[in-house]
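Visitor: Put chains Z and P with the ligands on the given structure of chain D with help from the hints.
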Amino acid sequence: MNKKLSEMKYGEEGIVKNIEEDLRIKVSGIGIRIGKKLKMVTKQPIKGPVVVVVDKSTTSLGLGVADKIIVEVKK
Amino acid sequence: MKVLLMGHPNVGKSVLFNRLTGTNVTVSNYPGTTVDYTKGYMRLENKEVEVIDVPGTFSLEPKDKAEEVAVKMLKENRDAVVVCIIDSTKVERGLYLTLQIIEEGYPVVISSNMWDVAKDKNIQIDVEKLEQILGVPVVPTIAISGEGIKELVSKIKKAKSVEIETIVKKVGGET
Amino acid sequence: MELTVDKRWDLIDKISKQTVKFKKYKSTLKEVIGELTVKPLTGIPIAIAVLYGFWSVFSSFAGFFTDGFLVKLFDEHWLPWIQGAFPGGLHNWFYNLMVDVGHIQNGALVPSNSCFESFGALTSGLFVPFGVVLPAIFIFYLMMAVLEDVGYLPRLAVLVDTVLHKIGLHGYAIVPTILGFGCNVPAVTATRILETRKQRFLMMTLLGIFIPCGAQLGIMQEVIPEYMGLIILYLLFGYFVTGFILNKVFPGKTPEILIDVPPYQKPLTRNVMTKVWVRLSGFLKIAVPFVILGCLIVGVMYLTGTMDWLANLFGPIFTHWFGVPKETVGPLVAAFMRKDLAVAQLSAIEMTKYQMVTSVVLVSIYFPCLATFAMILKEGGKELLGALAVLVASTFIYGGLIHLIWILLGVA
Ligand SMILES: Nc1nc2c(ncn2[C@@H]2O[C@H](COP(=O)(O)OP(=O)(O)OP(=O)(O)O)[C@@H](O)[C@H]2O)c(=O)[nH]1
Ligand SMILES: [Mg+2]
Chain D
-12 MNKKLSEMKY GEEGIVKNIE EDLRIKVSGI GIRIGKKLKM VTKQPIKGPV
38 VVVVDKSTTS LGLGVADKII VEVKK
Chain Z
639 MKVLLMGHPN VGKSVLFNRL TGTNVTVSNY PGTTVDYTKG YMRLENKEVE
689 VIDVPGTFSL EPKDKAEEVA VKMLKENRDA VVVCIIDSTK VERGLYLTLQ
739 IIEEGYPVVI SSNMWDVAKD KNIQIDVEKL EQILGVPVVP TIAISGEGIK
789 ELVSKIKKAK SVEIETIVKK VGGET
Chain P
13 MELTVDKRWD LIDKISKQTV KFKKYKSTLK EVIGELTVKP LTGIPIAIAV
63 LYGFWSVFSS FAGFFTDGFL VKLFDEHWLP WIQGAFPGGL HNWFYNLMVD
113 VGHIQNGALV PSNSCFESFG ALTSGLFVPF GVVLPAIFIF YLMMAVLEDV
163 GYLPRLAVLV DTVLHKIGLH GYAIVPTILG FGCNVPAVTA TRILETRKQR
213 FLMMTLLGIF IPCGAQLGIM QEVIPEYMGL IILYLLFGYF VTGFILNKVF
263 PGKTPEILID VPPYQKPLTR NVMTKVWVRL SGFLKIAVPF VILGCLIVGV
313 MYLTGTMDWL ANLFGPIFTH WFGVPKETVG PLVAAFMRKD LAVAQLSAIE
363 MTKYQMVTSV VLVSIYFPCL ATFAMILKEG GKELLGALAV LVASTFIYGG
413 LIHLIWILLG VA
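Chains as they are written, first to last, in the numbering used here: chain D, -12 to 62; chain Z, 639 to 813; chain P, 13 to 424.
Just so you know, the hints here were simulated from the structure itself, not pulled from any lab data.
Check each hint, because a few of them may be wrong.
The following label-pair restraints were derived from C-beta to C-beta distances [as the list claims (entries may be wrong)]:
| id | chain 1 | residue 1 | chain 2 | residue 2 | range |
| --- | --- | --- | --- | --- | --- |
| 1 | P | Leu308 | Z | Met639 | 46 to 54 Å |
| 2 | Z | Ser799 | P | Pro57 | 49 to 57 Å |
| 3 | D | Met(-12) | P | Pro263 | 35 to 43 Å |
| 4 | D | Glu(-1) | P | Val253 | 33 to 41 Å |
| 5 | D | Lys(-4) | P | His332 | 54 to 62 Å |
| 6 | P | Lys278 | Z | Met639 | 35 to 43 Å |
| 7 | P | Lys365 | Z | Lys640 | 54 to 62 Å |
| 8 | P | Leu48 | D | Met(-12) | 24 to 32 Å |
| 9 | D | Glu(-1) | P | Pro57 | 21 to 29 Å |
| 10 | Z | Glu789 | P | Arg282 | 19 to 27 Å |
| 11 | P | Lys278 | Z | Glu789 | 22 to 30 Å |
| 12 | P | Thr54 | D | Glu(-1) | 17 to 25 Å |
The beta-carbon is built from N, C-alpha and C at its ideal position, and this holds for glycine as well.
Excised from the complex, chain D in its bound form (with noise of 0.2 Å):
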């Protein structure tokens, strides 16, 4: 199933399906590519940031930025 990386669910992990066009360069630098396998660790209230393990590292982005990459989960 796929959806949004900020949609996704609490220690919920998935595949890297889709990142809009204009972010993809961006998003690279902190490791999150199509193809990358990530885990959600914590969405911050109030469209606060999310945070994601990708590759062991932990790292975290806007929510505007998390509406724009697609993530394949399992199930």
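Guide: Here is chains Z and P with the ligands on its own, set in the frame of chain D:
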């Protein structure tokens, strides 16, 4: 000869700089500690060599003022040997910047820093293979304890520039 | 030759497949704590606890050496000794500048009996930096270094991101802000980690106006500990309100936060010590000469009558608009040099608790110290002009507003 330390933010450039030059630039555990460059000197085979610590940058396309400083220092020191410092737990990202610097034609040595953290996380890196593919020296280091620094220094003069095509061919790809 | 972005990542994927393996491992306690401190439900209470803890340690330790030891040393030994040993007396201008201006009691000029009142270069000029500020910033810098080295700041940044977006910044602006509580000078340089010009301008302006530095906090803790909370509250309130307004007024977008959250790490004793030492010696080299210079300049202005002239000139604004004694003009002049000196000077002026709060807030916001001023100039001349405009406006509006609050509360 000049030595320029380049790498992502928070990979240990400033710790390494302090070790090499005996200075005390600020070291903290968050990205973006260093926002300006610092010059220092180290001895290499009885010669004084200038070493430059710069802010961390993700790529050669700066996205903030700190990164601008780093890229500017790289461009201003065409004759420098670049020590690319990679966080061993984030090799892929580190390689992006390293490849960009290699493509620009700089002689490069790679310090695979935070080796201890990678070990803790059970991340295994085949250093020899990496060296063979990239064609530049790769030295595992733990900057905070000093492990691997001697070897890194000894490899600085072995740094050489490589053609990116050669690297592409070695992994079986085409340009 | 150069590769395209996609080709480069392709190449990296191929290289890493052959060289890097992520093996299984169990998460460690460090990582569990790492997650707890960034999850809102646990993270926010922890953040409050950390900041509160920071605060209580600072406020209880800062006065420890000063009150227990240094005040005695300066007031009971150094001051009387130098008052006697220094040639001249209260009627000699050079003596006034270096040792003691004295004060009027029952119509007679009498010697001061504390280093807060004497205001000589060799008395207050030494007591303020060494007797009061140094111990305070020592404990402050020590705790700050530990906080920086542990790796807590990026987590705090994630937690406060939403709030800071409201004022045109993002979570990472917490780094220059926290550094600013230590000293505004490196904080201004640290604004370079913010992406847009708008963000940098906002941050520099807010730092210069509303964030009191460690030296100022230290002296406030010594002379007016009971008003401290209220003053900080006023300043933080000003920080947010001004940020909110500026964000609306100035064009430009605020980018989203995008930062790595490094693993926690045990602080390295040597690194912490080095950092504290580097920062303290920076203080000794820059601040001490400025404090002494400040004492001299203020002294000369009093002796030549310039200060009285200024006080009479601006008196009406002070008494009517801000509701503080016109003598406050002296500390405001000193505040150009050093805020700590200005607060010390304020403490010697007679006024009500509420006037004291207003005037300390005024001293804090009305002008960044010279060193910070120079640093903002270095980071951008246009930014400096903008910051100054905001500063003049906020000083008048905010100072007046606080006065109004006191009037409404019936305490002015
Ligand atoms: N465990 C471990 N920690 C390290 C190592 N090298 C550096 N560190 C820590 O990593 C953090 C970052 O080090 P810095 O030298 O400030 O990093 P930097 O690359 O200069 O970072 P920026 O100035 O922000 O670009 C510090 O807390 C160091 O103590 C290492 O080899 N192992
Ligand atoms: Mg650094």
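Visitor: All hints are to be evaluated individually against the structure, with a verdict given for each.
Guide: Verification of the supplied hints:
1. Leu308/P with Met639/Z: 46 to 54 Å: 49 Å, holds
2. Ser799/Z with Pro57/P: 49 to 57 Å: 53 Å, holds
3. Met(-12)/D with Pro263/P: 35 to 43 Å: Holds - the Cβ-Cβ distance for Met(-12)/D and Pro263/P, about 41 Å, lies within 35 to 43 Å.
4. Glu(-1)/D with Val253/P: 33 to 41 Å: 39 Å, holds
5. Lys(-4)/D with His332/P: 54 to 62 Å: 60 Å, holds
6. Lys278/P with Met639/Z: 35 to 43 Å: With a Cβ separation near 37 Å, Lys278/P and Met639/Z satisfy 35 to 43 Å, so the hint holds.
7. Lys365/P with Lys640/Z: 54 to 62 Å: Roughly 60 Å apart at Cβ, these two residues keep to the hinted range, so it holds.
8. Leu48/P with Met(-12)/D: 24 to 32 Å: At 29 Å between Cβs, range holds.
9. Glu(-1)/D with Pro57/P: 21 to 29 Å: 25 Å, holds
10. Glu789/Z with Arg282/P: 19 to 27 Å: Holds, since Glu789/Z and Arg282/P (Cβ atoms, about 22 Å apart) stay within the stated range.
11. Lys278/P with Glu789/Z: 22 to 30 Å: Holds, since Lys278/P and Glu789/Z (Cβ atoms, about 26 Å apart) stay within the stated range.
12. Thr54/P with Glu(-1)/D: 17 to 25 Å: At 19 Å between Cβs, range holds.
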